[in-house]
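Chemist: Residue numbers (the working numbering), protein chains in the order written: chain Z, 1 to 290; chain G, 1 to 233.
To be clear, the hints were calculated from the coordinates, so they are not data collected in a lab.
As the structure is a computational prediction, the values presented were derived from the model and not from experiment.
Glycine included, each C-beta is placed from N, C-alpha and C at the ideal position.
Just so you know, not all the hints are guaranteed correct.
[Unchecked claim] Think about it this way: if two alpha-carbon atoms lie no more than 25 Å apart in a straight line, the pair counts; the simulated SDA-like pairs of lysine to any residue are:
| # | chain 1 | residue 1 | chain 2 | residue 2 |
| --- | --- | --- | --- | --- |
| 1 | Z | K80 | G | V68 |
| 2 | G | K126 | Z | T163 |
| 3 | G | K126 | Z | T159 |
| 4 | Z | K237 | G | V68 |
| 5 | Z | K115 | Z | L58 |
[Stated by the list, open to error] Facing chain Z, according to a computed beta carbon distance under 7 Å, are these residues of chain G, among others:
| # | residue |
| --- | --- |
| 6 | T64 |
| 7 | T66 |
| 8 | A70 |
| 9 | A75 |
| 10 | Q86 |
| 11 | E94 |
| 12 | L99 |
| 13 | G100 |
| 14 | Y102 |
| 15 | F173 |
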Amino acid sequence: MPELLQFLFSGVTVGAVYALVALGFTIIYNASDVVNFAQGEFVMLGGMLTFVCHAAGLPLPLAALIAIAATSAIGVAMNKLAIEPARGAPVVSLIIITIGASIFIRGGAQLLFGKQIHSFPAFSGDTPLRIGGATILPQSLWVIGGAVVVFVGLWLFFTRTLTGRAVLATSNNRLAAQLVGINTGFVMTLSFALSAGIGALAGVLATPITLTSYDVGLAFALKGFAAAMLGGMGNPKGALAGGFLLGLIEALTAGYLSSQYKDAAAFVVILLVLFFMPQGLFGQKSVDRV
Amino acid sequence: MLTVEGLRSRYGRIEVLHGIDLHVDSGEIVTVVGANGAGKTTLLKCLSGTQPVSGGTITFRGETLTGVPAHRRPARGLTQSPEGRQIFTNLTVEENLRLGAYLFTDDRVEKDMGDAFAMFPILREKRNLAAGGLSGGQQQMLAMARALMGRPSCLLLDEPSMGLAPIIVQQIFNVVSGLKALGVTVLLVEQNAFGALKIADRGYVMETGRITMEGAAADLIADPRIREAYLGI
């Protein structure tokens, strides 16, 4: 029994990281229908920039804030320099541009920060908490808490605020959004800033557990994308559920079968879901009547 | 209120508006009628800022609109209800209306929504449904109601009767002619020339990117050339 609990703890921790990455995907997807594959690089930048600032002598909270702000700025720059000039191109082209941007960011990080693996201290120490015979790191609670807070924030943003609905309106019908007075260019800037900031936050929270190096982004992007697809692309609820579900599937497979199969198990489940529920678990069917 | 002088616009190298002159005075319903492809929709898109202008000027309430981006024009009182309705299909009817008043956060938004529901009672019934599930006529009503939520002083209406059953068309035209009483000036673009001229004060006839006739709506309806070319009488 403690064994199962232990697997669940580790699954929820990893799942929270996936959920944060998936939530980042959600925002840009909602604003533009683009799946931003550079989302994983934002996670890497969050961890890496925090490490650099912390190593330079800044206190950890300040280092984390700077890293999140800087990553947001990089997200905005990516939109301005790479996505906006290609506005009007098919969505697939834009997605490929994001893949290019992710390779560019990864290469830049390798040049600037080197190839070493880095980390920084956990926020609340490294003494594991004992719960029901299993242990959990205090940092895991930070990650889980972060995912839940970001989820609640986004959910309120999209359902309760006019700006949030303007984001949804922009993705649904850009022309009509302009005609009611929505500055669609600003909506895109805002989406990239938010997405990148949330990605960076994931990196800041997870790095004490997972460590960071210039090339961790790709794995985060793939798993976060899988989580978002599993839950239903574009839906914050789906991103959260998909993230936790994916983390749990991986942890249980690794625990009871073999850690070699954990990625395979996760992707098999995703394939099954997409076969039988192509919209994902929480995705809404699009209603269009002509 | 709205003055257009020598307006030109092109798609790539092909010019589709060859110098349009027209004006709409405050409180009027003015209609631009003409066949499919005459450039009527392009004209409205130039006015709302969603189609680039290659020459001429647009003046609205004494200020030029040159260089004013589309999303800033509703704040000046010029709002377009576009061709093909262009509602937010994934959002509910109520969310569509709320977004119509995107520029406003005051108490009048609630009141305007009540007025919109009074104007189109079917929208009240369907307020919590996704707008994409509405019928064509209901979507047209929603598009007009959404535009009115933006408190326009001048409403640009593009083909509101397109593809709708005659009884719905009549209902839509009745609402348009009622806008006058609400103090909204209307520029109505229509293929349904007869219906549009019947409710308009003045009319323009557009052919292949040019204005070919203009005058009081009653005179245009009576004109033998119009009757033959557009009214099928």
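Chemist: Determine for every hint whether it applies to the structure shown.
Modeler: Hint check results:
1. Z/K80 to G/V68: Since the Cα atoms of Z/K80 and G/V68 sit roughly 21 Å apart, the hinted pair holds (cutoff 25 Å).
2. G/K126 to Z/T163: 24 Å, holds
3. G/K126 to Z/T159: 19 Å, holds
4. Z/K237 to G/V68: 39 Å, violated
5. Z/K115 to Z/L58: 22 Å, holds
6. T64: Status violated, d = 19 Å.
7. T66: Nearest chain Z Cβ about 17 Å off; hint violated.
8. A70: 4 Å, holds
9. A75: 6 Å, holds
10. Q86: 4 Å, holds
11. E94: Not OK, violated: G/E94 not within 7 Å of chain Z, min 11 Å.
12. L99: Because about 5 Å separates G/L99 from the closest Cβ in chain Z, which is inside the 7 Å limit, the hint holds.
13. G100: 5 Å, holds
14. Y102: 5 Å, holds
15. F173: 22 Å, violated
Taken one by one, the earlier hints fail for this structure at numbers 4, 6, 7, 11 and 15, listed in ascending order.
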